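Protein sequences, first through last, are from chains A and B.
For the first sequence, position 234 matches number 294 in my numbering, and the numbering has no gaps at all.
For the second sequence, position 146 matches number 206 in my numbering, and the numbering has no gaps at all.
Careful: at least some of the hints might be erroneous.
If several chains are the same, the list does not tell them apart, and a pair holds so long as it fits within one copy or across any two.
Derived SDA-like pairs: lysine to any residue, alpha-carbon spacing no greater than 20 Å straight-line [stated by the list, open to error]:
#1 Lys84 / Lys425
#2 Lys490 / Trp257
#3 Lys66 / Glu471
#4 Lys411 / Val495
#5 Lys103 / Asp114
These are calculated hints, taken from the structure and not from any lab test.
Quick caveat, the model's predicted, so the values are computed rather than measured.
2 protein chains.
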Amino acid sequence: MENKKKDFSEWYNEIIDISQLSDKRYPIKGMNVWLPYGWKAMKNIDSVVRANVDIKEFQEVSFPVLITRDMLMVEFEHIKGFENELYWVTKGGKEKLDIEMALRPTSEAAMYPMFSLWVRTHADLPLKIYQIVNVYRYETKHTRSFIRIREIHFFEAHTAHRDHKESEEQMAEYMEIWKKISSALCLPFHVDRRPEWDKFPGAVYSLAFDTALPSGRSLQIGTIHQYDDNFARNYDIKYSDESGQAVYAYQTTFGLSERLLAAIIGIHGDDTGLVFPPDVAPFQVVVIPIPSDNREQEGFVSSVCTVLTDHGFRVKLDNRDAYTPGYKFNDWEMRGVPLRIEIGGREVGEKSVTVAKRTSRGRQKIEFKELVPGISRLLHEVREEITARAAKQFLELSRRDKSVEDMRSYEGISLSGWCGNRECSDTIEKETEKVVLGINISSPGDAKCIVCGKPGKIASFSRTY
Amino acid sequence: MENKKKDFSEWYNEIIDISQLSDKRYPIKGMNVWLPYGWKAMKNIDSVVRANVDIKEFQEVSFPVLITRDMLMVEFEHIKGFENELYWVTKGGKEKLDIEMALRPTSEAAMYPMFSLWVRTHADLPLKIYQIVNVYRYETKHTRSFIRIREIHFFEAHTAHRDHKESEEQMAEYMEIWKKISSALCLPFHVDRRPEWDKFPGAVYSLAFDTALPSGRSLQIGTIHQYDDNFARNYDIKYSDESGQAVYAYQTTFGLSERLLAAIIGIHGDDTGLVFPPDVAPFQVVVIPIPSDNREQEGFVSSVCTVLTDHGFRVKLDNRDAYTPGYKFNDWEMRGVPLRIEIGGREVGEKSVTVAKRTSRGRQKIEFKELVPGISRLLHEVREEITARAAKQFLELSRRDKSVEDMRSYEGISLSGWCGNRECSDTIEKETEKVVLGINISSPGDAKCIVCGKPGKIASFSRTY
Numbered sequence: 061m062e063n064k065k066k067d068f069s070e071w072y073n074e075i076i077d078i079s080q081l082s083d084k085r086y087p088i089k090g091m092n093v094w095l096p097y098g099w100k101a102m103k104n105i106d107s108v109v110r111a112n113v114d115i116k117e118f119q120e121v122s123f124p125v126l127i128t129r130d131m132l133m134v135e136f137e138h139i140k141g142f143e144n145e146l147y148w149v150t151k152g153g154k155e156k157l158d159i160e161m162a163l164r165p166t167s168e169a170a171m172y173p174m175f176s177l178w179v180r181t182h183a184d185l186p187l188k189i190y191q192i193v194n195v196y197r198y199e200t201k202h203t204r205s206f207i208r209i210r211e212i213h214f215f216e217a218h219t220a221h222r223d224h225k226e227s228e229e230q231m232a233e234y235m236e237i238w239k240k241i242s243s244a245l246c247l248p249f250h251v252d253r254r255p256e257w258d259k260f261p262g263a264v265y266s267l268a269f270d271t272a273l274p275s276g277r278s279l280q281i282g283t284i285h286q287y288d289d290n291f292a293r294n295y296d297i298k299y300s301d302e303s304g305q306a307v308y309a310y311q312t313t314f315g316l317s318e319r320l321l322a323a324i325i326g327i328h329g330d331d332t333g334l335v336f337p338p339d340v341a342p343f344q345v346v347v348i349p350i351p352s353d354n355r356e357q358e359g360f361v362s363s364v365c366t367v368l369t370d371h372g373f374r375v376k377l378d379n380r381d382a383y384t385p386g387y388k389f390n391d392w393e394m395r396g397v398p399l400r401i402e403i404g405g406r407e408v409g410e411k412s413v414t415v416a417k418r419t420s421r422g423r424q425k426i427e428f429k430e431l432v433p434g435i436s437r438l439l440h441e442v443r444e445e446i447t448a449r450a451a452k453q454f455l456e457l458s459r460r461d462k463s464v465e466d467m468r469s470y471e472g473i474s475l476s477g478w479c480g481n482r483e484c485s486d487t488i489e490k491e492t493e494k495v496v497l498g499i500n501i502s503s504p505g506d507a508k509c510i511v512c513g514k515p516g517k518i519a520s521f522s523r524t525y
Numbered sequence: 061m062e063n064k065k066k067d068f069s070e071w072y073n074e075i076i077d078i079s080q081l082s083d084k085r086y087p088i089k090g091m092n093v094w095l096p097y098g099w100k101a102m103k104n105i106d107s108v109v110r111a112n113v114d115i116k117e118f119q120e121v122s123f124p125v126l127i128t129r130d131m132l133m134v135e136f137e138h139i140k141g142f143e144n145e146l147y148w149v150t151k152g153g154k155e156k157l158d159i160e161m162a163l164r165p166t167s168e169a170a171m172y173p174m175f176s177l178w179v180r181t182h183a184d185l186p187l188k189i190y191q192i193v194n195v196y197r198y199e200t201k202h203t204r205s206f207i208r209i210r211e212i213h214f215f216e217a218h219t220a221h222r223d224h225k226e227s228e229e230q231m232a233e234y235m236e237i238w239k240k241i242s243s244a245l246c247l248p249f250h251v252d253r254r255p256e257w258d259k260f261p262g263a264v265y266s267l268a269f270d271t272a273l274p275s276g277r278s279l280q281i282g283t284i285h286q287y288d289d290n291f292a293r294n295y296d297i298k299y300s301d302e303s304g305q306a307v308y309a310y311q312t313t314f315g316l317s318e319r320l321l322a323a324i325i326g327i328h329g330d331d332t333g334l335v336f337p338p339d340v341a342p343f344q345v346v347v348i349p350i351p352s353d354n355r356e357q358e359g360f361v362s363s364v365c366t367v368l369t370d371h372g373f374r375v376k377l378d379n380r381d382a383y384t385p386g387y388k389f390n391d392w393e394m395r396g397v398p399l400r401i402e403i404g405g406r407e408v409g410e411k412s413v414t415v416a417k418r419t420s421r422g423r424q425k426i427e428f429k430e431l432v433p434g435i436s437r438l439l440h441e442v443r444e445e446i447t448a449r450a451a452k453q454f455l456e457l458s459r460r461d462k463s464v465e466d467m468r469s470y471e472g473i474s475l476s477g478w479c480g481n482r483e484c485s486d487t488i489e490k491e492t493e494k495v496v497l498g499i500n501i502s503s504p505g506d507a508k509c510i511v512c513g514k515p516g517k518i519a520s521f522s523r524t525y
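Between the sequences and the hints, there should be enough to build the whole structure, so can you do that?
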């Protein structure tokens with residue numbers, strides 16, 4: 061396998077192929093097939109997301125994929141932001157359709173006409189819904205699995221509130237939810253407030269969660285948007301308040317995508333292959349029997365698997381005859397399984413298992429009667445180790461740069477003073493190829509603009525995916 | 061609410077509206093919005109399906125929604141069967157696309173080019189995959205929620221095998237899987253072997269699972285198809301057998317859709333509203349506190365909910381202040397929750413709960429310490445009662461008819477002798493508006509054709525959805 065540091069891009073493509081996450085040989089470029097192993101990982105990410113929004117009383121819905129041109133045209137700023145990326149359905153059977161329909165690029169224009177029917181009085185608010193669906197972007201740029209593709213597995217939450225104060229509270233709740241999700245996925249990130257010219261079409265402001273891949277380029281892995289009543293005014297989403305007056309609702313959104321999986325692959329993986337956080341791993345534990353002539357082995361292996369499965373662990377028993385234990389060890393290490401259990405004749409005799417962590421060398425013994433707490437503890441350790449390693453790597457991929465020259469000499473995310481003016485960030489981009497991700501909210505600070513010297517704030521700059 | 065027997069069609073539309081399963085006011089006709097309650101039910105159906113195919117070692121995947129015209133044209137019979145129903149994407153951004161792409165109407169043409177890459181040797185077989193996705197049909201007929209729509213929530217399993225014998229074994233396994241699924245959903249059905257002119261485009265033969273709604277019309281709720289090597293020859297799916305010879309693979313498919321939910325609504329519902337089988341119910345138990353001045357009530361209610369939730373039951377606590385217990389009883393009965401738990405001052409004092417089943421009048425007491433086995437038992441009873449009621453109703457909606465006159469005077473599914481010739485079934489259709497669903501496999505028998513008098517088999521005839 062390609063060395064991860066030496067050629068990250070090659071390593072990334074290769075590990076996706078050999079670990080069988082997705083197959084990009086589908087005859088339409090940029091539309092890939094989710095293979096069983098990759099789809100399991102993605103569904104586990106979805107489960108983490110669902111658990112964290114369900115507990116905040118979001119309701120899951122599912123909207124149609126098609127949006128008419130009329131629906132899209134209601135919010136002009138919004139459609140303008142997407143018009144070059146829309147796939148258009150223009151024919152049904154052999155007939156030309158009266159009204160062209162787009163495959164959703166995101167669902168504001170699909171949902172808000174319904175919000176306008178659903179929201180009647182203040183008692184209907186807050187309205188908090190989400191869906192997990194595919195969205196479509198006619199990408200003309202170079203595509204890359206899970207990062208830049210044409211059919212994107214997508215999470216989108218949409219809310220409506222009484223006023224700006226409540227929609228701001230929602231923005232704060234999103235941050236709380238995101239902390240839980242990113243923690244389960246062991247992903248480090250900056251929060252950047254996108255500049256005016258790069259905010260979501262129709263939003264008042266957009267906050268992005270930016271991480272960094274080992275190439276030094278940043279990857280946007282989540283966004284939250286404050287709409288205030290921008291969309292409500294266009295889609296006529298009004299409620300009658302306590303005094304009976306009709307008032308526009310205030311709205312927000314929160315978006316995530318399969319880029320979360322890209323970040324997990326790129327950040328946690330190593331030269332041996334994938335490393336899955338326990339909450340995401342398709343299999344948390346792989347059980348590999350070491351051939352022996354102990355006649356109780358099969359029964360013992362089976363008990364180990366049953367006990368763990370019954371306690372909610374995702375367990376894979378690898379009893380393929382055609383492969384040696386050594387081959388299996390390498391195979392599952394490459395595929396990123398957090399824990400490997402080995403059971404040979406000795407383990408059967410001792411009623412114990414030998415466990416190896418994906419994140420460190422060495423093995424340890426766990427008594428059968430200690431199996432469940434033992435495996436829990438080791439999975440917890442793996443999660444901690446992955447988190448610590450990712451945090452350390454992120455620190456190396458992000459630094460304080462006080463001049464354009466320093467920025468240019470550094471591959472990672474530069475945290476530098478910026479006055480907020482586009483002229484200055486354009487100058488930086490021209491000189492360094494780094495674009496401004498926005499004022500850094502997660503490590504805020506005042507600093508003079510490194511271009512014009514005027515007072516400014518610490519902002520994030522990087523090459524991006 | 062509309063009387064179910066008197067005007068089933070009205071009743072059906074109304075109950076979907078008032079129980080908030082889906083909203084058909086979306087601006088594109090035939091594309092409806094899944095509301096939280098309906099989506100929960102559908103996801104539970106998906107879970108039942110997943111559990112039953114996963115255990116048979118099917119692997120879940122996810123394929124792109126778009127299929128190029130070239131990919132579709134590979135199997136001419138197949139595309140011919142769909143060509144009037146396809147939505148075509150012809151533009152990306154402002155550009156006309158070089159190659160038109162259809163939204164999948166089903167995924168043979170998407171999957172089999174990949175099968176051709178994946179299947180190499182006999183060791184790759186059997187290949188058993190499935191996906192749960194939306195499919196698209198440009199319906200020109202009258203649309204109806206969950207029954208005839210343009211965006212269809214769909215389950216499709218696809219397999220490849222060494223030979224006809226193994227693909228036939230797969231067909232038998234599908235029957236076994238379907239029995240488990242239909243049993244969890246409490247749905248009665250006939251198995252009909254579709255006539256040649258009505259089989260799936262590209263199939264050698266198609267077996268359909270047909271149930272009946274109270275209108276007397278039949279509803280196809282599932283199908284399995286034997287392809288033999290028809291598709292393999294066109295999509296070049298070949299493997300090298302033990303002797304190294306290249307051989308075409310034999311294939312089958314199994315399809316289900318949101319019609320399963322339609323059947324559950326239409327068959328189990330009554331004049332009070334929905335009746336959900338426990339495996340499908342968004343909430344299996346609703347807990348309704350009856351206001352009292354017992355200060356321990358809130359704590360006790362909370363314990364009941366926690367114990368049940370911890371044991372895997374789907375529980376809804378209805379503590380809305382603005383509604384009376386009576387209103388809540390009616391509301392949750394209408395929405396089909398299998399069990400209602402009432403907790404007032406007396407129950408708190410006795411450390412017990414009062415339980416009412418959706419399927420029968422009367423209430424019973426369960427001691428708190430017996431809560432988990434008690435609720436399990438009652439849910440089991442509800443399932444048995446729903447199954448028995450549906451079976452009885454299905455018997456009434458299906459009868460042996462020995463003449464065209466008898467068929468005409470009967471609303472339900474007629475089981476009648478048929479020689480297999482299209483002329484005779486066309487005659488029947490002209491005289492009775494009933495189409496032939498095919499030779500009945502589930503209650504097979506010999507019988508003379510009721511039109512021509514020649515020897516034949518018992519076949520199913522009905523008006524259909």
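Hint by hint, here is what the structure shows:
For a Cα distance limit of 20 Å, the shortest separation of lysine 84 from lysine 425 qualifies neither inside one copy, at 41 Å, nor across copies, at 59 Å. In the homo-oligomer, the alpha carbons of lysine 490 and tryptophan 257 lie at most 20 Å apart inside one protomer (17 Å), although the nearest pairing across protomers, at 66 Å, exceeds that limit. In the homo-oligomer, the alpha carbons of lysine 66 and glutamate 471 lie at most 20 Å apart inside one protomer (13 Å), although the nearest pairing across protomers, at 73 Å, exceeds that limit. Taking the shortest alpha-carbon separations for lysine 411 and valine 495, neither the intra-copy value of 58 Å nor the inter-copy value of 65 Å comes in at or below 20 Å.
For a Cα distance limit of 20 Å, the shortest separation of lysine 103 from aspartate 114 qualifies both inside one copy, at 16 Å, and across copies, at 15 Å.
Of the numbered hints stated above, those contradicted by the structure are hints 1 and 4, listed in ascending order.
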